[in-house]
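Following the hints, position chain L against chain S.
Protein chains: 2
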Amino acid sequence: MEFLEGVKKKEIFAIRELEERKPFGEKVSLQGAVHSIRNMGEVEFVILRNREGLFQAVIEKEKGKWELKEGDFVTVRGLLREEARAPRGMELQVERVERISTPSEPMPFAVDKWNLELSLEAKLNMRPIALRNIKERAKFRIQEGIVRAFRDFLYGQGFTEIHTPKIGAKGAEGGANIFKLDYFHKPAVLAQSPQFYKQMMVGVFDRVFETGPVFRAEKHNTKRHLNEYTSLDFEMGYIDRFEDIMAMETGFLKHMTAFLEKEYENELKLLKVTLPKVDAIPMVPFEEAKRLVSEKYQRPMRNPYDLEPEEEHLIGRYFKEEYDSDFVFVTHYPSKKRPFYAMDDPADPKRTLSFDLLFKGLEVTTGGQRIHSYPELREKIKNRGMSEEGLEQYLDTFKHGMPPHGGLGIGLERLTMQLLDEENIRETTLFPRDLSRLTP
Amino acid sequence: MEFLEGVKKKEIFAIRELEERKPFGEKVSLQGAVHSIRNMGEVEFVILRNREGLFQAVIEKEKGKWELKEGDFVTVRGLLREEARAPRGMELQVERVERISTPSEPMPFAVDKWNLELSLEAKLNMRPIALRNIKERAKFRIQEGIVRAFRDFLYGQGFTEIHTPKIGAKGAEGGANIFKLDYFHKPAVLAQSPQFYKQMMVGVFDRVFETGPVFRAEKHNTKRHLNEYTSLDFEMGYIDRFEDIMAMETGFLKHMTAFLEKEYENELKLLKVTLPKVDAIPMVPFEEAKRLVSEKYQRPMRNPYDLEPEEEHLIGRYFKEEYDSDFVFVTHYPSKKRPFYAMDDPADPKRTLSFDLLFKGLEVTTGGQRIHSYPELREKIKNRGMSEEGLEQYLDTFKHGMPPHGGLGIGLERLTMQLLDEENIRETTLFPRDLSRLTP
Numbered sequence: 001m002e003f004l005e006g007v008k009k010k011e012i013f014a015i016r017e018l019e020e021r022k023p024f025g026e027k028v029s030l031q032g033a034v035h036s037i038r039n040m041g042e043v044e045f046v047i048l049r050n051r052e053g054l055f056q057a058v059i060e061k062e063k064g065k066w067e068l069k070e071g072d073f074v075t076v077r078g079l080l081r082e083e084a085r086a087p088r089g090m091e092l093q094v095e096r097v098e099r100i101s102t103p104s105e106p107m108p109f110a111v112d113k114w115n116l117e118l119s120l121e122a123k124l125n126m127r128p129i130a131l132r133n134i135k136e137r138a139k140f141r142i143q144e145g146i147v148r149a150f151r152d153f154l155y156g157q158g159f160t161e162i163h164t165p166k167i168g169a170k171g172a173e174g175g176a177n178i179f180k181l182d183y184f185h186k187p188a189v190l191a192q193s194p195q196f197y198k199q200m201m202v203g204v205f206d207r208v209f210e211t212g213p214v215f216r217a218e219k220h221n222t223k224r225h226l227n228e229y230t231s232l233d234f235e236m237g238y239i240d241r242f243e244d245i246m247a248m249e250t251g252f253l254k255h256m257t258a259f260l261e262k263e264y265e266n267e268l269k270l271l272k273v274t275l276p277k278v279d280a281i282p283m284v285p286f287e288e289a290k291r292l293v294s295e296k297y298q299r300p301m302r303n304p305y306d307l308e309p310e311e312e313h314l315i316g317r318y319f320k321e322e323y324d325s326d327f328v329f330v331t332h333y334p335s336k337k338r339p340f341y342a343m344d345d346p347a348d349p350k351r352t353l354s355f356d357l358l359f360k361g362l363e364v365t366t367g368g369q370r371i372h373s374y375p376e377l378r379e380k381i382k383n384r385g386m387s388e389e390g391l392e393q394y395l396d397t398f399k400h401g402m403p404p405h406g407g408l409g410i411g412l413e414r415l416t417m418q419l420l421d422e423e424n425i426r427e428t429t430l431f432p433r434d435l436s437r438l439t440p
Numbered sequence: 001m002e003f004l005e006g007v008k009k010k011e012i013f014a015i016r017e018l019e020e021r022k023p024f025g026e027k028v029s030l031q032g033a034v035h036s037i038r039n040m041g042e043v044e045f046v047i048l049r050n051r052e053g054l055f056q057a058v059i060e061k062e063k064g065k066w067e068l069k070e071g072d073f074v075t076v077r078g079l080l081r082e083e084a085r086a087p088r089g090m091e092l093q094v095e096r097v098e099r100i101s102t103p104s105e106p107m108p109f110a111v112d113k114w115n116l117e118l119s120l121e122a123k124l125n126m127r128p129i130a131l132r133n134i135k136e137r138a139k140f141r142i143q144e145g146i147v148r149a150f151r152d153f154l155y156g157q158g159f160t161e162i163h164t165p166k167i168g169a170k171g172a173e174g175g176a177n178i179f180k181l182d183y184f185h186k187p188a189v190l191a192q193s194p195q196f197y198k199q200m201m202v203g204v205f206d207r208v209f210e211t212g213p214v215f216r217a218e219k220h221n222t223k224r225h226l227n228e229y230t231s232l233d234f235e236m237g238y239i240d241r242f243e244d245i246m247a248m249e250t251g252f253l254k255h256m257t258a259f260l261e262k263e264y265e266n267e268l269k270l271l272k273v274t275l276p277k278v279d280a281i282p283m284v285p286f287e288e289a290k291r292l293v294s295e296k297y298q299r300p301m302r303n304p305y306d307l308e309p310e311e312e313h314l315i316g317r318y319f320k321e322e323y324d325s326d327f328v329f330v331t332h333y334p335s336k337k338r339p340f341y342a343m344d345d346p347a348d349p350k351r352t353l354s355f356d357l358l359f360k361g362l363e364v365t366t367g368g369q370r371i372h373s374y375p376e377l378r379e380k381i382k383n384r385g386m387s388e389e390g391l392e393q394y395l396d397t398f399k400h401g402m403p404p405h406g407g408l409g410i411g412l413e414r415l416t417m418q419l420l421d422e423e424n425i426r427e428t429t430l431f432p433r434d435l436s437r438l439t440p
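So the sequence lines, in the order shown, correspond to chains S and L.
When you line the first sequence up against my numbering, it's residues 1 to 440, in that order.
When you line the second sequence up against my numbering, it's residues 1 to 440, in that order.
Bound conformation, chain S alone (with noise of 0.2 Å):
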């Protein structure tokens, strides 16, 4: 009988190894694809490419010839050399090439130039081919990283993480922007968010969190829009204020930019990031937001319940300008522009405890507290002309007690856009789903 114990470190090196054991003069082997090839007569640079970064090769005429072509993928072995002129200040100088796979076509555009000259909709549509240039992938590194951190922070704050089902009985929340299904001869909607299941399991494990896909039928098509994107949320119980949603949001940030500094260097440096500071953010009433914005630029407001996508930009302008800040909390949302289960303010019913994280002028965040009372929440439900149908097991989960409680989602495609500084969602989405686009 044969057993499996595990893997087997393999006679390949990282380049992680090669840089810090620096090996020069020793024989190394090398896996990767052919990037690019820069023929140079009596010798050819070969720049590997994996999934660490690149590395320069040279194969010199009288050692053999191998007749590699882009888009191969290899196991090089050869003698490693300091080469001052070289990207890392090393080479290796090939002996043996083994070429294991090879395409059938040359690559449809220069995946190898620094930067991808492609339209947005041409990087989408080739998007397994486009994502093999280095910049172009560099960005979902750091999108993993965002995700890292998100949960290394909420493990720690003693948040549990769960799996809630993104099939679903229609509920009272839905409306018209809900993706409908036929589950078995049942009509089924796909989540719009975790919501009712992170609160109900506040009950359960106190503090949850989530990381999953999310799905909104909305007939947007906008550059900070998609019809499926992947939420960050989070849910706790046992609150003494709503501030205390956001002060876990600006740890989690904090968390989150130290993170990417120390283990996603290579990519920070590759896209230039410079990392936001997040040491203390602002927060600012709704109302105030407005009115701020309005006297400073000299915008009159239009729809007193919500934030404009250009009066959101200009409180992010605002509070850059003011206070140097890229993150900003709005507080205070309109009742009325808010979910039913979303605390009214006791100092004013027509405002809520909630808020939403702009980042550089852009929502990122929408959080707040949550009613926790029964009678509040039924009360509610009945003044918003709403019905409990389809609510049954979540309006239980009240009756029978639960703590104070509040959270929030983050969009995550967002967050990587903002923080990148890309103009368009798809840039940071690996691939987006918009009104137009199912594939690839």
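Hints may contain errors.
The list cannot tell twin chains apart, which means a pair is met if one copy fits it or any two copies do.
What the hints assert, rightly or not - Derived lysine to any residue pairs resembling SDA-like cross-links, with alpha carbons at most 20 Å apart:
| hint | residue 1 | residue 2 |
| --- | --- | --- |
| 1 | Lys399 | Pro108 |
| 2 | Lys186 | Ala176 |
| 3 | Lys113 | Ile178 |
| 4 | Lys380 | Pro346 |
| 5 | Lys170 | Tyr183 |
| 6 | Lys65 | Glu42 |
| 7 | Lys123 | Ile134 |
| 8 | Lys269 | Thr160 |
| 9 | Lys69 | Gly6 |
| 10 | Lys180 | Leu435 |
| 11 | Lys254 | Gly409 |
| 12 | Lys254 | Gly6 |
| 13 | Lys223 | Gln93 |
| 14 | Lys399 | Met386 |
| 15 | Lys9 | Lys22 |
| 16 | Lys180 | Ile167 |
| 17 | Lys262 | Tyr155 |
| 18 | Lys262 | Gly158 |
| 19 | Lys10 | Tyr155 |
| 20 | Lys399 | Glu388 |
| 21 | Lys170 | Gln192 |
| 22 | Lys123 | Asp396 |
| 23 | Lys399 | Ala122 |
Think of the hints as simulated: they come from the structure by calculation, not from any bench.
For chain L alone, kept in the frame of chain S given last:
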């Protein structure tokens, strides 16, 4: 202007702090739900429940009367004293109680019973309340640990985490087992797996993983099937042989057991879980596995192309009896039962370089090496009488070169179920979706 600067330490103690510091004789505050109350006349024992577990508080009648009831959420303050008879060797002598929330109705059943005496149906119908039982919720803490271990291990092995879309255009792989929906008047489907995406991303990141929901419109109604579940998927490039994938999974299982032992000790104890041995996992070819159990247990082979549930069970039993292993990799499944992208065995094209991992006689993983050559992939599609329609972008990725690769998908709820020796997968699914269940 007010600013948020991160999480402030509350003046509330964590149970762990009390157990570590043992500040006997000091005044401390704790928060929790009233899990149970035992009235002894002069004193009342109030068991508090919070995310960390249970803690005993004692109210002496002379100190005050607070009329607590089960399901209240409270902050209690008092003197911490050593008490050998209390579960943690200490208890809180209550001096002040602040009730922060109170239920409208008593619990519908005794959540404080050590073993919840409810049918599975009843538990699922009242999931958010049933999970307030200490043992019920511990299952999902362990499930969290499995997912954490999966990610931690793979980050350490150079994998990149990806987030792929769950809504897509109808692909060629499909069949009857796909949920369909209307996507802005275009036909769309829910992802059965991230298979094509993770393969395409191997060309970008070399090694990728995803932990997310998958959807199967299968009309099974068994103890081990769900229509939505969490899949732990990875895909790795530059493999030398398909055993590399199994070695990676073995590495994960080793990491998982060590991680659970270290970080989820309390929950393992609570549920009396014996972690499986994973130092060496046997592997056996499909046909040999069939022959072995047929001989040992005198069971005629019926279906030569697939394993019946009873056969899986017997294979599990065989390897437990003969090798004392809870796990066994069954390899080389017949080509006709595997998808088109599975790589056939060069030694016998009727079988594939694929495997299932059985854990205590149940399949918890399916994986294998994939075809990476563009001409071979097209050939296989053609030989199967399939169309390339809907596969254009998947195939284009191979056209431009892909390294040898393979991967697997682990059913999270199944793995949890087997680890905890549960009889029904719904026991280890937070909110199961099956043929008849769409709520809560």
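Intra- versus inter-subunit Cα pairing at 20 Å for lysine 123 with aspartate 396
between (48 Å within a copy, 14 Å between copies)
First find the shortest C-alpha distance between lysine 223 and glutamine 93 inside one copy, then the shortest across copies, and answer within, between, both or neither for a cut-off of 20 Å.
Answer is neither: 47 Å inside a copy and 59 Å across each miss the 20 Å cutoff.
Regarding lysine 399 and glutamate 388, is the shortest C-alpha distance of 20 Å or less found within a copy, between copies, in both, or in neither?
Only inside one copy: lysine 399 and glutamate 388 sit 13 Å apart there, 54 Å across copies, limit 20 Å.
Within a copy, between copies, both or neither: which one fits lysine 399 and proline 108 at a CA-CA cutoff of 20 Å?
between (61 Å within a copy, 10 Å between copies)
If the cut is 20 Å between Cα atoms, do lysine 113 and isoleucine 178 qualify within a copy, between copies, both or neither?
Neither way: lysine 113 and isoleucine 178 sit 41 Å apart in one copy and 40 Å across, limit 20 Å.
Go through the copies and call it for lysine 269 and threonine 160: within, between, both or neither, with a Cα cutoff of 20 Å.
between (33 Å within a copy, 18 Å between copies)
When no copy is specified for lysine 180 and isoleucine 167, does a C-alpha distance of 20 Å or less occur within a copy, between copies, both, or neither?
For lysine 180 and isoleucine 167, both the intra-copy (9 Å) and inter-copy (12 Å) Cα distances are at most 20 Å.
Homomeric proximity label, lysine 170 with glutamine 192: Cα distance no greater than 20 Å
Answer is within: at 11 Å inside a copy they meet the 20 Å cutoff, but 22 Å across does not.
Copy assignment of lysine 170 with tyrosine 183, given that the CA separation must stay at most 20 Å:
both (11 Å within a copy, 17 Å between copies)
Cα distance capped at 20 Å. Does lysine 69 pair with glycine 6 within a copy, between copies, both, or neither?
For lysine 69 and glycine 6, the Cα distance exceeds 20 Å both inside one copy (35 Å) and across copies (52 Å).
At 20 Å max between alpha carbons, let me know whether lysine 399 reaches alanine 122 within a copy, between copies, both or neither.
Answer is between; shortest inter-copy Cα gap is 17 Å, intra-copy 53 Å.
Intra/inter-copy verdict for lysine 9 and lysine 22 if alpha-carbon distance must be at most 20 Å
within (19 Å within a copy, 45 Å between copies)
Hint check: violations occur at hints 3, 9, 13; the rest are consistent with the structure.
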